[in-house]
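Student: Chains as they are written, first to last, in the numbering used here: chain D, -16 to 260; chain B, -16 to 260; chain W, -16 to 260; chain V, -16 to 260.
FYI, nobody ran anything at the bench for these hints, they're computed from the structure.
Careful, some of the hints might be misleading.
Copies of one chain are not kept apart here, so a pair can be met inside one copy or by any two copies together.
[Unchecked claim] Below 27 Å or equal to it, Euclidean Cα-Cα: the simulated DSS-like pairs (lysine-lysine) are: (1) K228 x K84; (2) K228 x K179; (3) K84 x K179; (4) K72 x K139; (5) K248 x K84; (6) K243 x K228; (7) K72 x K243; (8) K124 x K139; (9) K161 x K72; (10) K72 x K84; (11) K255 x K179.
Number of protein chains: 4
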Amino acid sequence: MHCPDRPGIIAILTQFINANGGNIIYLDQYVDTVNSIFYMRVEWDLTDFIIPTDKIADYFNTLYALPYNVNFSLYVNNRPQRMAIFVSKMSHCIYDILARKASGEWDVEIPLIISNHPDLERIGQQFNIPYHYIPVTPDTKPEATAQQLKLLSDSKIDFIVLARYMQIIPQEMIDRYKHRIINIHHSFLPAFIGAKPYHAAYQRGVKLIGATSHYVTPELDAGPIIEQDITRITHRDTINDLVRKGRDLEKIVLSRAIQKHIERKILTINNKTIVFS
Amino acid sequence: MHCPDRPGIIAILTQFINANGGNIIYLDQYVDTVNSIFYMRVEWDLTDFIIPTDKIADYFNTLYALPYNVNFSLYVNNRPQRMAIFVSKMSHCIYDILARKASGEWDVEIPLIISNHPDLERIGQQFNIPYHYIPVTPDTKPEATAQQLKLLSDSKIDFIVLARYMQIIPQEMIDRYKHRIINIHHSFLPAFIGAKPYHAAYQRGVKLIGATSHYVTPELDAGPIIEQDITRITHRDTINDLVRKGRDLEKIVLSRAIQKHIERKILTINNKTIVFS
Amino acid sequence: MHCPDRPGIIAILTQFINANGGNIIYLDQYVDTVNSIFYMRVEWDLTDFIIPTDKIADYFNTLYALPYNVNFSLYVNNRPQRMAIFVSKMSHCIYDILARKASGEWDVEIPLIISNHPDLERIGQQFNIPYHYIPVTPDTKPEATAQQLKLLSDSKIDFIVLARYMQIIPQEMIDRYKHRIINIHHSFLPAFIGAKPYHAAYQRGVKLIGATSHYVTPELDAGPIIEQDITRITHRDTINDLVRKGRDLEKIVLSRAIQKHIERKILTINNKTIVFS
Amino acid sequence: MHCPDRPGIIAILTQFINANGGNIIYLDQYVDTVNSIFYMRVEWDLTDFIIPTDKIADYFNTLYALPYNVNFSLYVNNRPQRMAIFVSKMSHCIYDILARKASGEWDVEIPLIISNHPDLERIGQQFNIPYHYIPVTPDTKPEATAQQLKLLSDSKIDFIVLARYMQIIPQEMIDRYKHRIINIHHSFLPAFIGAKPYHAAYQRGVKLIGATSHYVTPELDAGPIIEQDITRITHRDTINDLVRKGRDLEKIVLSRAIQKHIERKILTINNKTIVFS
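Taking the hints into account, I'd like the entire structure generated from these sequences.
Tutor: Dropping the structure here:
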């Protein structure tokens, strides 16, 4: 939630939980002192909470959101979220994701993989996840998009991970899954936007390469940044070396972003993210 | 402050400030869920606070600390803290500290430098800070300690920074300045405790070297850690290279720790630190 | 190769290759100036090399190694190396390894997985690699070791990766695979040797946790270090958080070490490694 | 030196030193396999070298550079290099530089400081270095440049360090000191070129901030990169926090670049640097 900051705002807002039998198990807050906005993420146990679960949003809205001008999102954590993975030909990110799922590190369901290439079908088979090969060409793009959207909808997908999916995401999909499509870009954004960032990095002679995970917005590689990291390179590294070193960065940075998203710890505002602890 | 965790504890404790006309300008809290302890650091503006400044501790103690079993420290930020610097022969840490003071980065007073060597006297002169050369030998240690303690006391020192001071700190000084003596150790503690950690790191063939800033306690290099960082080395690095690369680490790690101490953002408990944001 | 340093040693030793029609495609050298030892790693193309491949070692030995006191290893890169993986119950490292193999990042063969637990058998199935469940108890250890050694020998294993294998490696296996058993230890060695390093790190209140990949030697966690890295933690992190953050470190650090081993870029001497670029 | 790669090129070129009584004390080489160019940096002891020092360049040119198409630079290390420092109002970089000089870490001479502001004059006094206050306005720029160039020339300056000097360097100075003017830019170039990079970084919501040291070329912030590093930030950091955290980055990154320059370990080609070990 976020709202204009005011004295005692934490006490006021947590009162909703404390007074109604909720037990707070997580609270992180932050005040943007420049714009005087109060941000808070709070989790509580519903066991003894006296407000019925399906009425919590309504009560909070009436009693707090309207009087205090609070913008809030409420999630009841009663089922794993459902993630779709989009891939093209590179396997390092999807393997990293599926290995985490398989080991129980993440409590998510992954009902489908969508790809514009058939190359990674074996990975779907390895992990028993339906792999939908939907070629995308300029001509077939509208049809492919429709097919993708139907699959996403039929599978009740909560959020999408672009695990090195090398296609522009159509506006309609971005609209339907606003701040729910996570991309990994293989550069330290905003440096090297667009295609072939490792070539550009090599050309420029940088001494560090990076990877950036962000939510997809209509403007290419310009969405809210969730996580970034870098690794050191030298003049000895060829473009192939950058690609190889970059892979480890990409998969880790993407997985960190996914984890924060699964934990619902990312609040997006003004094209920036607040990532709670 | 810290106390046993309980529902609504933030609301309860911030009530003291909100209800009495204080305006909270900083709040960070953390719950140790393993031990069920609530930690909070809060800053507020005293302008309209209705409790007289010299009575705040008393009121808070009666109304909150006793009922809720709160362990608290209260600081009124009405004067710069007074720092003493201890050095031996290496200048990189003290220069880093004095440069920050000179540029106005830190609002501290540094009334004196104490050293067991005369080598860095010129630095005292450069920055107009009295430099007290007090040799320390096994024989003269008690006398030297007494002299040091008198200087610290006369200068009303709040905390001490050991900027690569190569002497064991006597028990009496540790007792008087408990959790107020900050040391920099040139290793990634607890690896390489004691003398010559770079030699030991070289010998062991590590691929990273570190530096650790901690509060001094009677057990050598075993006090609560405030800050650590590392830098990468290779087989090509000689011990001299480690010493050189380590200097940059040491000064930055020490200065980060000092900054957190000046901001009173470090809470020490059970030989560990909570470093607030 | 390594030998006592002397003027012109590079020219002398590369002469063997240049004069006989070899084309050097990689050369990295390093002089330990403290001990006056010259180290070099050189790769050359055998296409036009006039010395028969099976006689290269003999010729080099006679013409250079004996006269110049050169200690050398020669590898003909005509087949993928054969790696055995040992695991227990944790899957993050083995998944990282198998994903690299599957994507073609590493040119290795992995003919078998050995485990003291049955838990990860499905991973063997996913990647079509025989999974040998060999329980190890104090009583059965000698027998288990014999069984393991036979499997390794039958599969013509070149090197062994302990991908979080939670058993002490018996002396006999260490002897047979000297500097060919790569372990990942979940701490920044030499800090926190032995069991439960994350618990020890939590207890000590460090601000960084690390992982160390090293060759196994008889002394526990004391073998030559190949690669290390760290990640930042705070007081908010529980032991479970350390375990989770550590997993990403462990798998990346282990895989970096394996890569260098596959490339034969690691020279081990005096319990330290020289890792060529 | 660099030249087209060819078999035995190391042996050929080091022959010049070995055959004439020179003792090589440092050698690092690198082959750009993409463009087939050989790069080498070599240091040797002149004590027993039979070619007179003032004729080395001539001999090498005739015997090797012409036949093998070698582009080389020769430096005789018989005097400290002479560095000029340009500053504006911020002191963190210049203090870091002068502290290293004062401690003997760097064997350089610093005959003058030039500034477009009078603010840091006290630092010149502290370190006994003449401080030349030369205001720069659009009107006075040509005159100021002439005055600066004369000072540089009179002081026989070898290279210039822009220690957060907030003025565009005129073309004439760039020409005279080609690849000898080191700047520190407070971003991870090529992200956030130009003024106010911390504001731009804040606006974009990046999770890491950087600093880049590079040689000055006519195109703004586009010269060959020598060194870069980054530090982690969060949504909690205000622009002032970025500025503060950035200062530590800037000074360390700049000093690392200066050190490599002093050691003559930077070879610049095609707007990129090769930084020898």
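Student: Each hint should be assessed against the structure and marked as holding or not.
Tutor: Hints, one by one, checked against the model:
When the C-alpha separation of K228 and K84 is checked against a cutoff of 27 Å, the pair qualifies both within a copy, at 24 Å, and between copies, at 16 Å. When the C-alpha separation of K228 and K179 is checked against a cutoff of 27 Å, the pair qualifies only within one copy, where the shortest distance is 15 Å, while the shortest distance between copies is 30 Å. For a Cα distance limit of 27 Å, the shortest separation of K84 from K179 across copies, 25 Å, qualifies, whereas the shortest one inside one copy, 30 Å, does not. Only within a single protomer do K72 and K139 lie at most 27 Å apart by alpha-carbon distance; the minimum there is 25 Å, versus 33 Å between protomers.
Taking identical chains as interchangeable, the C-alpha atoms of K248 and K84 lie at most 27 Å apart only when both belong to the same chain, with a minimum of 19 Å there against 34 Å between chains. For the homomeric pair K243 and K228, the shortest alpha-carbon distances inside one copy (24 Å) and between copies (13 Å) are both at most 27 Å. For the identical chains of this complex, K72 and K243 are neighbours both inside a copy (26 Å) and across copies (25 Å), given an alpha-carbon limit of 27 Å. For a Cα distance limit of 27 Å, the shortest separation of K124 from K139 inside one copy, 22 Å, qualifies, whereas the shortest one across copies, 51 Å, does not.
In this assembly of identical chains, the alpha carbons of K161 and K72 lie at most 27 Å apart only when taken from the same copy (25 Å versus 38 Å across copies). For the homomeric pair K72 and K84, the shortest alpha-carbon distances inside one copy (20 Å) and between copies (15 Å) are both at most 27 Å. In this assembly of identical chains, the alpha carbons of K255 and K179 lie at most 27 Å apart whether taken from the same copy (25 Å) or from different copies (19 Å).
When held up to the earlier numbered hints, the structure conflicts with none and fits them all.
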